[in-house]
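Trainee: Chains as they are written, first to last, in the UniProt record's numbering: chain A, 1 to 278; chain E, 1 to 278; chain P, 1 to 278; chain Z, 1 to 278.
Watch out, some of these pointers could steer you wrong.
When chains are identical, the list treats them as one kind, so a pair holds in a single copy or across two.
Stated by the list, open to error - Simulated crosslink set (SDA-like; lysine to any residue; CA at most 25 Å straight-line): (1) K146 with F219; (2) K185 with R80; (3) K146 with D10; (4) K185 with L45; (5) K185 with L126; (6) K150 with I227; (7) K185 with T210; (8) K146 with Y161; (9) K29 with F162; (10) K185 with I44; (11) K146 with I227; (12) K8 with I81; (13) K146 with N241; (14) K29 with H182; (15) K116 with H182; (16) K29 with L124; (17) K185 with D55; (18) K116 with A215; (19) K150 with I164; (20) K116 with G179; (21) K146 with V160; (22) K185 with V64.
Everything labelled a hint here was simulated from the structure, so no lab data went into it.
Protein chains: 4
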Amino acid sequence: MRNKIKSKYDLLRQQIYIIIYGANTFWGKLFDLSLLVVILLSLILITLESMPRYDSLHHHFFVVAEWVITVFFTVEYILRILCNKRPLNYIFSFWGIVDLLALLPMYLSFFIPTSKVLIVFRSLRLLRLFAILDLMPVLGQQYHLKLALKASRNKILVFVYFIIVLSIVLGTLMYLVEGPEHGYKDIPTSIYWCIVTMTTVGYGDISPHTALGQAIASFIMIMGYGIIAVPTGIVTAEYANANKQNPELEEHRICPRCTTFIYNQDANYCHNCGEKLS
Amino acid sequence: MRNKIKSKYDLLRQQIYIIIYGANTFWGKLFDLSLLVVILLSLILITLESMPRYDSLHHHFFVVAEWVITVFFTVEYILRILCNKRPLNYIFSFWGIVDLLALLPMYLSFFIPTSKVLIVFRSLRLLRLFAILDLMPVLGQQYHLKLALKASRNKILVFVYFIIVLSIVLGTLMYLVEGPEHGYKDIPTSIYWCIVTMTTVGYGDISPHTALGQAIASFIMIMGYGIIAVPTGIVTAEYANANKQNPELEEHRICPRCTTFIYNQDANYCHNCGEKLS
Amino acid sequence: MRNKIKSKYDLLRQQIYIIIYGANTFWGKLFDLSLLVVILLSLILITLESMPRYDSLHHHFFVVAEWVITVFFTVEYILRILCNKRPLNYIFSFWGIVDLLALLPMYLSFFIPTSKVLIVFRSLRLLRLFAILDLMPVLGQQYHLKLALKASRNKILVFVYFIIVLSIVLGTLMYLVEGPEHGYKDIPTSIYWCIVTMTTVGYGDISPHTALGQAIASFIMIMGYGIIAVPTGIVTAEYANANKQNPELEEHRICPRCTTFIYNQDANYCHNCGEKLS
Amino acid sequence: MRNKIKSKYDLLRQQIYIIIYGANTFWGKLFDLSLLVVILLSLILITLESMPRYDSLHHHFFVVAEWVITVFFTVEYILRILCNKRPLNYIFSFWGIVDLLALLPMYLSFFIPTSKVLIVFRSLRLLRLFAILDLMPVLGQQYHLKLALKASRNKILVFVYFIIVLSIVLGTLMYLVEGPEHGYKDIPTSIYWCIVTMTTVGYGDISPHTALGQAIASFIMIMGYGIIAVPTGIVTAEYANANKQNPELEEHRICPRCTTFIYNQDANYCHNCGEKLS
Chain A
1 MRNKIKSKYD LLRQQIYIII YGANTFWGKL FDLSLLVVIL LSLILITLES
51 MPRYDSLHHH FFVVAEWVIT VFFTVEYILR ILCNKRPLNY IFSFWGIVDL
101 LALLPMYLSF FIPTSKVLIV FRSLRLLRLF AILDLMPVLG QQYHLKLALK
151 ASRNKILVFV YFIIVLSIVL GTLMYLVEGP EHGYKDIPTS IYWCIVTMTT
201 VGYGDISPHT ALGQAIASFI MIMGYGIIAV PTGIVTAEYA NANKQNPELE
251 EHRICPRCTT FIYNQDANYC HNCGEKLS
Chain E
1 MRNKIKSKYD LLRQQIYIII YGANTFWGKL FDLSLLVVIL LSLILITLES
51 MPRYDSLHHH FFVVAEWVIT VFFTVEYILR ILCNKRPLNY IFSFWGIVDL
101 LALLPMYLSF FIPTSKVLIV FRSLRLLRLF AILDLMPVLG QQYHLKLALK
151 ASRNKILVFV YFIIVLSIVL GTLMYLVEGP EHGYKDIPTS IYWCIVTMTT
201 VGYGDISPHT ALGQAIASFI MIMGYGIIAV PTGIVTAEYA NANKQNPELE
251 EHRICPRCTT FIYNQDANYC HNCGEKLS
Chain P
1 MRNKIKSKYD LLRQQIYIII YGANTFWGKL FDLSLLVVIL LSLILITLES
51 MPRYDSLHHH FFVVAEWVIT VFFTVEYILR ILCNKRPLNY IFSFWGIVDL
101 LALLPMYLSF FIPTSKVLIV FRSLRLLRLF AILDLMPVLG QQYHLKLALK
151 ASRNKILVFV YFIIVLSIVL GTLMYLVEGP EHGYKDIPTS IYWCIVTMTT
201 VGYGDISPHT ALGQAIASFI MIMGYGIIAV PTGIVTAEYA NANKQNPELE
251 EHRICPRCTT FIYNQDANYC HNCGEKLS
Chain Z
1 MRNKIKSKYD LLRQQIYIII YGANTFWGKL FDLSLLVVIL LSLILITLES
51 MPRYDSLHHH FFVVAEWVIT VFFTVEYILR ILCNKRPLNY IFSFWGIVDL
101 LALLPMYLSF FIPTSKVLIV FRSLRLLRLF AILDLMPVLG QQYHLKLALK
151 ASRNKILVFV YFIIVLSIVL GTLMYLVEGP EHGYKDIPTS IYWCIVTMTT
201 VGYGDISPHT ALGQAIASFI MIMGYGIIAV PTGIVTAEYA NANKQNPELE
251 EHRICPRCTT FIYNQDANYC HNCGEKLS
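My request is simple: use the sequences and hints to build the entire structure.
Mentor: As structure tokens, then:
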């Protein structure tokens with residue numbers, strides 16, 4: 001008897017799982033679409049609330065709408081926990097934390113009113129759009145890019161580390177040369193200025209005024225201008241490489257359940273979730 | 001009898017078509033050249049009118065000159081409609097709307113005087129220069145570029161989408177960190193700032209003032225600096241690919257009537273408009 | 001008798017030619033070195049004169065030094081004319097005009113005192129350093145680069161033309177959207193702003209203030225950020241191509257007289273000036 | 001007898017050498033780690049001292065901590081001199097000077113109190129982190145990058161020289177066009193502005209105000225935007241080349257003593273220091 005109930009519950013759980021995580025069934029597509037719409041609506045809401053002009057006019061409507069969205073997100077969050085075989089895995093995963101951050105501030109605002117500003121974390125849910133839209137045909141074309149980015153990740157990290165060390169060394173030097181009287185008020189600010197300069201952003205909120213400072217800044221700029229060639233060169237070469245070596249990878253399949261790439265042409269089951277492949 | 005008139009009219013229409021759309025006959029070349037000159041003149045006119053110094057001196061001359069150009073554009077527009085076999089196709093095409101926008105504001109200004117400022121849409125006609133100048137030898141060299149851009153379009157779009165999502169997430173974060181008192185007056189403004197920073201433009205009209213804000217900004221800058229490598233890598237690899245795979249495509253022909261590329265070496269007729277090829 | 005004088009004069013002219021244009025003899029090297037030093041000195045002089053701090057102290061010394069350099073440049077200019085077989089070719093060449101511009105302002109300042117500021121054209125002589133230093137071993141490594149730049153020149157020009165047209169269209173649009181009250185005071189200024197934005201320079205002297213203006217600006221920035229991929233892709237692919245196709249070109253010779261590249265391995269005489277090659 | 005003492009001293013020196021310069025033994029790793037921690041601590045200390053908020057509160061603690069670190073650095077410096085077979089080589093090497101600069105300002109501050117600000121040179125020690133972290137697995141992936149950078153160094157230098165000459169020529173031109181009344185106060189400042197513009201940094205502390213100045217600036221920007229393609233193209237092509245030609249180089253070994261790359265697969269001894277290789 002109990003077994004029967006459990007099996008019934010299991011069946012329901014599996015069906016919810018397919019709706020929430022899959023995108024091949026009608027209800028799965030509808031769920032993805034509604035989620036997309038609600039996420040976008042919640043962002044428009046937060047944006048309008050941040051503009052005093054609109055907030056003063058429609059404050060009450062905004063509060064109600066926000067609670068409706070919060071309830072929707074809460075139901076979705078609970079369903080995601082329930083239908084997962086390993087709920088803890090989901091709760092402590094990146095997506096689990098993002099989903100929680102999207103609804104927690106509203107509930108917390110009962111106790112700590114100021115915590116409501118944390119609702120802007122809801123924008124992180126926008127990242128789900130990648131997962132939702134990932135299933136469109138454009139994905140096939142992203143694969144080589146992913147391969148290239150994976151191959152160049154370590155090199156890019158070494159490069160970023162190099163830029164940071166260089167910025168610290170040159171930032172402290174500029175602090176010495178220009179000093180607090182020209183806007184380089186402490187070493188962290190000088191390092192910030194150096195990153196602004198080296199990445200060619202150049203706000204101009206701080207800029208060198210002494211001849212020596214301008215000479216060093218010129219040197220930093222030309223160096224930064226040359227350095228940009230390095231990550232570009234790495235990604236380009238790796239991308240061309242990925243393009244060349246794995247032309248057959250274009251014809252991969254995607255697991256309908258967990259959306260993992262299936263590269264093995266002869267696979268009958270998904271290597272990730274064990275779903276039977278057609 | 002009617003048939004004869006129609007056939008006469010057809011002949012005239014075809015001749016006008018060849019003059020307006022073709023560039024191989026003497027009159028076709030003359031038309032293209034005059035159009036080019038008139039478009040440039042109209043732009044110089046609009047530019048001078050926008051400068052109070054000149055407008056106050058020669059206002060009446062400018063008004064007359066603008067009407068002369070408007071009449072020229074109107075005649076051209078009517079001829080383009082008449083000589084087309086499917087006039088509606090032209091009217092609702094991109095070029096048809098651009099051509100209409102170039103003359104409509106002047107006529108509208110009789111009823112709504114303020115609409116005259118919309119004359120700046122005339123600058124869109126400048127895009128015609130691509131079509132006019134397209135027939136020069138330089139075009140052959142653009143072909144591989146077009147192929148590469150077409151191949152990388154989807155990837156670039158995914159990338160642009162990624163930048164926009166990232167800007168929204170990081171923009172709302174900065175709104176939280178810096179707040180309206182440091183210039184991040186609402187979320188749209190913060191997102192605008194984030195795009196300004198990530199693309200390394202860096203106006204400096206808004207810039208972070210808190211230590212945490214500067215740290216996040218530094219992170220955004222280094223990320224933006226690394227991200228620029230991605231579209232470059234894609235275009236480069238695709239361009240090198242197009243260069244490699246289709247070396248024989250350099251020797252394409254161009255239809256003298258509709259300027260379509262003819263890749264089939266044995267073609268006797270244009271595959272687009274059916275024009276006989278020499 | 002006259003023949004003999006002429007032949008003597010010819011010999012002298014040839015010797016001067018070798019000293020001035022060649023760099024293989026001791027006197028040729030010495031001449032190049034002195035020219036390099038004098039050009040650098042004249043630039044330091046102009047720079048110091050532009051700084052009121054130094055000019056007020058040593059004004060008389062600066063005037064004398066400038067006349068000494070002008071006399072040197074005048075003698076050099078006359079020698080260059082005399083030793084050339086076709087003096088007019090030199091006078092109306094790019095270098096001839098640059099050399100004249102370097103000395104003319106000083107003589108003109110007798111009649112028009114304000115013309116002395118034109119002496120800054122002397123900085124153009126700095127370009128001669130490329131010619132002088134061209135003969136160093138680094139040149140061999142520049143060759144593939146030159147080939148790649150030549151191959152991509154037309155495509156880059158089409159691209160620059162595209163950026164300019166786009167800047168005019170988007171600049172006039174922004175003039176309409178933002179208007180003179182936000183710094184976009186006329187259409188040329190708006191176009192200038194658009195180029196500043198699209199090239200990711202971003203001075204911030206003019207920046208959008210309306211929501212629509214900021215949205216269009218964001219679009220321009222992302223587009224400009226993507227567009228930068230195009231010239232990079234072209235140059236990279238062409239450079240890789242030049243590297244691949246002509247590995248043997250590294251072993252070229254250089255004509256000792258006119259410094260032209262000699263690619264033909266069997267050549268006995270320079271194909272440009274007819275100098276016998278060793 | 002003396003021989004024995006000398007040999008004992010030699011053994012000690014060698015052991016210290018292995019600890020300081022090697023990273024394969026337990027003590028060697030511990031030394032590297034402590035050095036890393038002390039360098040980071042000293043930087044945090046300097047940073048906090050530069051911020052008046054913290055310096056006013058904990059000034060005495062900071063002074064004591066700085067002396068502790070200085071003593072540590074002094075001991076390390078003396079050990080490095082002692083354990084080297086050729087101490088003078090170390091003292092006058094780049095690292096020797098950096099290590100000296102990190103401790104000298106503190107001792108000098110006894111005689112010249114103002115010299116203490118020179119302590120910021122300590123940030124140069126951060127470069128040691130490259131050497132310390134170099135031994136991690138990421139290094140193998142840096143090798144092709146190093147090869148590509150070495151191959152493109154000369155070309156990049158020619159390119160940097162080209163940018164500098166261009167900046168001088170265009171900077172003096174802008175000084176003439178805009179003049180001191182628009183912020184271009186002397187020629188060095190104009191050259192600085194030109195580098196700021198050409199590298200697309202664009203602070204906006206100086207910006208053109210005349211129509212001609214803005215036109216020239218637009219030209220410089222578009223040129224700078226195109227020029228960035230050149231170093232990127234060079235590095236990319238060279239990197240792709242290095243990747244292609246030397247795939248087997250990934251499997252190099254590293255000398256445990258001097259951390260030189262060992263490319264020869266059959267080598268039994270390090271070609272640099274003669275250390276026996278396993």
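Trainee: Where does the structure disagree with the numbered hints, that is, which hint numbers, in rising order?
Mentor: Of the numbered hints given earlier, those the structure breaks are 2, 3 and 14, listed in rising order.
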